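For the protein sequence lines, the chains are A and B, in the order given. The opening residue of the first sequence carries number 1 in this note's numbering; numbering runs sequentially from there. The opening residue of the second sequence carries number 1 in this note's numbering; numbering runs sequentially from there.
Treat the hints as calculated values from the structure; they're not laboratory data. What you are looking at is a predicted structure, and each value in this text was computed from that prediction instead of being measured. All C-beta atoms, glycine included, are put in the ideal place defined by N, C-alpha and C. Any given hint might turn out to be false.
[Stated by the list, open to error] Computed spacing ranges between beta-carbons, pair by pair: (1) A38/A <-> Q45/B: 17 to 25 angstroms; (2) Q84/A <-> Q81/B: 36 to 44 angstroms; (3) A2/A <-> P82/B: 35 to 43 angstroms; (4) K57/A <-> Q60/B: 35 to 43 angstroms; (5) S28/B <-> Q41/A: 44 to 52 angstroms; (6) E83/B <-> T114/A: 23 to 31 angstroms; (7) R15/A <-> R61/B: 40 to 48 angstroms; (8) S28/B <-> A20/A: 19 to 27 angstroms; (9) V20/B <-> V74/A: 34 to 42 angstroms; (10) Q60/B <-> E104/A: 45 to 53 angstroms; (11) I62/B <-> V12/A: 18 to 26 angstroms; (12) E71/A <-> Q81/B: 40 to 48 angstroms; (13) K14/A <-> E83/B: 33 to 41 angstroms.
[To be verified] Result set (DSBU-like, lysine-lysine): computed pairs, CA atoms no more than 35 angstroms apart in a straight line: (14) K37/B <-> K11/A; (15) K14/A <-> K57/A; (16) K57/A <-> K11/A; (17) K14/A <-> K114/B; (18) K42/B <-> K57/A.
[As the list claims (entries may be wrong)] Here are a few chain A residues that sit away from chain B, every Cβ distance over 12 angstroms (derived from the structure): (19) Q17; (20) P43; (21) L46; (22) P61; (23) P70; (24) E85.
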Amino acid sequence: GAGVSQSPRYKVAKRGQDVALRCDPISGHVSLFWYQQALGQGPEFLTYFQNEAQLDKSGLPSDRFFAERPEGSVSTLKIQRTQQEDSAVYLCASSLGGQEVSYEQYFGPGTRLTVT
Amino acid sequence: GENVEQHPSTLSVQEGDSAVIKCTYSDSASNYFPWYKQELGKRPQLIIDIRSNVGEKKDQRIAVTLNKTAKHFSLHITETQPEDSAVYFCAASMGHRYNFNKFYFGSGTKLNVKP
């Protein structure tokens with residue numbers, strides 16, 4: 001079946017521009033996570049949704065970062081007034097959640113954001 | 001919060017040899033430990049995982065061991081092949097049934113298997 005998809009795959013933004021990154025999780029997956037992966041590093045947690053509820057946003061680095069999942073499926077990560085330090089790969093992951101005991105997170109291919 | 005440390009950062013082995021990657025974690029509440037393989041420019045893919053009620057798990061050439069007392073876990077790859085070359089990440093999580101928790105990742109190990 002279809003896995004997690006993300007778009008765009010690559011995004012170049014000039015410093016100060018706003019960007020929006022999209023994640024389509026696996027159909028029926030309750031849990032959705034966003035991670036930020038800097039070059040040569042492991043992914044770092046940004047935020048977590050259970051259905052449409054954003055239950056944890058402790059990893060968002062500043063108030064320029066905003067995420068939403070209004071209908072409990074597709075999610076968008078928005079970064080306002082991008083800075084060079086925002087350059088990274090942004091990974092989305094989904095997990096079955098709900099009443100199934102499944103801890104595995106399935107990752108999308110990521111969006112590589114370059115801020116110039 | 002949880003802190004996961006991973007080493008070595010790079011590992012080079014000859015084809016057919018074994019490779020071992022080690023991770024330590026800091027929070028005793030962590031109870032789920034996945035290992036992901038990430039090829040260049042690709043998404044992380046789960047290769048094996050272990051829960052805290054198990055000490056060891058094997059899947060063909062791959063095994064993971066967990067020592068809860070010492071708070072460390074290791075990935076073992078036997079009979080390595082060139083296609084095992086990739087970056088491997090360990091992670092720790094306090095996942096539970098209804099509120100799946102975030103993963104804390106190690107910094108990665110770049111494995112190079114020389115033919």
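request  = Identify every previously stated hint that the structure contradicts and give their numbers, smallest first.
outcome  = As far as the earlier hints go, 3, 5, 8, 10, 11, 17, 20, 21 are violated by this structure, in ascending order.
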